[in-house]
Amino acid sequence: MFDKDRWQEIFNAIKQNKLRSVLTAFGVFWGIFMLVTMTGAGNGLMNGITDGFKDFASNSAFVWANNTTKPYKGFRQGRQWNFTNDDMASIRREVPEVDVLAPKLQGWNISNGENVIRGLKTGSFRVNGEMPEYNLIDPNEMVYGRYINDMDIHHRRKVCVIGERVYEVMFDKDEDPVGEYMKVSGVWFQVIGVARSKNPNINIGADKKEVVSLPFTTMQQTFNYGNDVHFFGFTARKGASVSETAEKVTQVLKSKHSIDPEDLEATGHFNVEEQVKMLNYMFLGINALIWIVGIGTLIAGAVGISNIMLVIVRERTKEIGIQRAIGARPWTIVSQILTESVFLTTIAGFLGLALGTLVLHAADMAIIAAQAAKTSEEGTFFKSPEIGLPMALIALAVLVITGLIAGLIPAQKAIRIKPIEALRHE
Amino acid sequence: MSNSIIRVEALHKSYVNGSNSLHVLKGIDMDIQRGEMVSIMGSSGSGKSTLLNILGILDNYDAGSYHLDDIHITKMNETKAAQYRNKYIGFVFQSFNLISFKNAMENVALPLYYQKVSRKKRNNVAMEYLERMGLREWAHHLPSELSGGQKQRIAIARALISKPKVILADEPTGALDSQTSMEVMEILKEVNQTGIAIIIVTHENDIANQTQRIIRLRDGVIESNHINHSFKLESVEVN
Chain A
1 MFDKDRWQEI FNAIKQNKLR SVLTAFGVFW GIFMLVTMTG AGNGLMNGIT DGFKDFASNS
61 AFVWANNTTK PYKGFRQGRQ WNFTNDDMAS IRREVPEVDV LAPKLQGWNI SNGENVIRGL
121 KTGSFRVNGE MPEYNLIDPN EMVYGRYIND MDIHHRRKVC VIGERVYEVM FDKDEDPVGE
181 YMKVSGVWFQ VIGVARSKNP NINIGADKKE VVSLPFTTMQ QTFNYGNDVH FFGFTARKGA
241 SVSETAEKVT QVLKSKHSID PEDLEATGHF NVEEQVKMLN YMFLGINALI WIVGIGTLIA
301 GAVGISNIML VIVRERTKEI GIQRAIGARP WTIVSQILTE SVFLTTIAGF LGLALGTLVL
361 HAADMAIIAA QAAKTSEEGT FFKSPEIGLP MALIALAVLV ITGLIAGLIP AQKAIRIKPI
421 EALRHE
Chain B
1 MSNSIIRVEA LHKSYVNGSN SLHVLKGIDM DIQRGEMVSI MGSSGSGKST LLNILGILDN
61 YDAGSYHLDD IHITKMNETK AAQYRNKYIG FVFQSFNLIS FKNAMENVAL PLYYQKVSRK
121 KRNNVAMEYL ERMGLREWAH HLPSELSGGQ KQRIAIARAL ISKPKVILAD EPTGALDSQT
181 SMEVMEILKE VNQTGIAIII VTHENDIANQ TQRIIRLRDG VIESNHINHS FKLESVEVN
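Keeping their order, the protein sequence lines are chains A and B.
Each residue of the first sequence is one higher than the last, beginning at 1 in my numbering.
Each residue of the second sequence is one higher than the last, beginning at 1 in my numbering.
Because the hints were derived from the structure by calculation, they are not lab data.
There's no promise every hint is true.
As the list claims (entries may be wrong) - A short list of chain B residues far from chain A (calculated; beta carbon distances all over 12 Å): (1) Thr79; (2) Ala82; (3) Phe93; (4) Glu131; (5) Arg132; (6) Glu183.
Claimed, not checked - The following label-pair restraints were derived from C-beta to C-beta distances: (7) A:Ser384 / B:Lys121: 39 to 47 Å; (8) A:Glu315 / B:Val16: 22 to 30 Å; (9) B:His203 / A:Asp5: 13 to 21 Å.
Where a beta carbon is used, it is the ideal one built from N, C-alpha and C, also for glycine.
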């Protein structure tokens, strides 16, 4: 296998026609390079997007109320309505498929101007009312302190959890905010924690970094929202379909509020499960496309190799004939051709793999550098474009197999050469 | 065990080309003794190349029989044929047929490579044979750097290295001038002295006259097969 005579022949064949060898190998090189960079880019896109919501409960949905669009039971169309605390209780009672239920308040009307004040520091931040359960749908990690808990809800404590940006503006660097007081829209609240969302790419109404979260009940009472629930999120129990559960939930709400069950516009909802499914299908599609294109390019490269091997066999007809005459077995010739083909493909492919990985690494470095330099708060949609070791190994295996297949036809042709034909005097 | 190295009986061979069948060998009978030096003569189309191919197990025959060293050579697969060629037969060609990118030593060593002899060992053996041919200092030259006579001597060394029983030489001097032709013939005769049978296909009378026996082919049959009387004389001169 590693006898010098075998390799001498291979290197001789490559050397004698450097340009041809390089151009041929380029086909395979390009195939693997494309496969690697595209897979890496696909992975980068996937990482970037899923990183923004990978901890978000994928079996969740959000429901909100819209103006009615159909008259019903004597009510006119275009009526404004709101969910209430009672609705939440009804859902709990009547829709057993609902697991986590998290009503929310959005303080649109109390978030105007410089509404948050602490000493000389002021800022304009969105105020939301949250239940502790919401942390199960859209998990946060706590930079300081804790999240809102049941006692806060029960006692309607005047406490708040703030986003990272709020902390930056309202507090000095590295200052411990827990236990400090802030005036939020005119009322004093004690800070109990700083939350950093694990899903920075999903924002409802406002950037989560710029939100002051109050206990849901506290906010209802303090800011005069009464029994109102602006919207809510829920998760479906294991095995239950989110869209079916959402349908049941909206029907319960409609019957409570005398809304035509046929009025599809009266409630809006956002089904996270469906979005995730769609994204997954999209990624699947992207991956399939990448592989089809990559393998296609690779096949084109392999055909090139095969072609050139045929030419090499033809050129070497005489040599092969001599070798046969002085005792080379067919297998010696076949293995020679196959080795040559695999060698050419593997070298070319390996270079493609190496360069592809290098390009991905450079892109990764550039992204990290850009992220470090970036001051704006927007999330990334491209992260760690890389291919795993299994993928690299698969690529190598594909290469060797490609080389073997590419060499097969030429090798067949080589052993069909009759020594006599090869040795005829010119 | 008979004393014949090559025994051919009623050998027939035709080439089928579409609907045309060309009957090339029409019943050849031939018996070549161990250590004999024979030439096969004949005009082109007489079937001498075909006969040589069959003797060299490079081609099959249709009818008759062929015994090489008392082994009946029949239709066999290529692997087996390659082994027999490697073991029993050395080839010398008109156009030398050296591998262009291998140096003299590597060319000579090639048959041993197919016998899976280690590189070091086969190169040592190759050097011995080159020494015998007086080409030791040319061992690391490529064929393109050598003269015709030198190339043919290397080809002979390559044919000898696997210690064959027979050397088949197809117009070995066809590409050489008369001076070098004589040198090559001298070497072949020396080789013959060591007990290796040599069959030379040629159309030159000068060459044929230096062999012990001359077989003339004509239209696929043996026209004459006689002992060359001038050989004895000459070999006395040589020795």
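Going down the list of hints, with the structure as the test:
no., hint, verdict
1, Thr79, "5 Å, violated"
2, Ala82, "4 Å, violated"
3, Phe93, "6 Å, violated"
4, Glu131, "20 Å, holds"
5, Arg132, "18 Å, holds"
6, Glu183, "21 Å, holds"
7, A:Ser384 / B:Lys121: 39 to 47 Å, "55 Å, violated"
8, A:Glu315 / B:Val16: 22 to 30 Å, "29 Å, holds"
9, B:His203 / A:Asp5: 13 to 21 Å, "36 Å, violated"
Consistency with the previously given hints fails for numbers 1, 2, 3, 7 and 9, ordered from lowest to highest.
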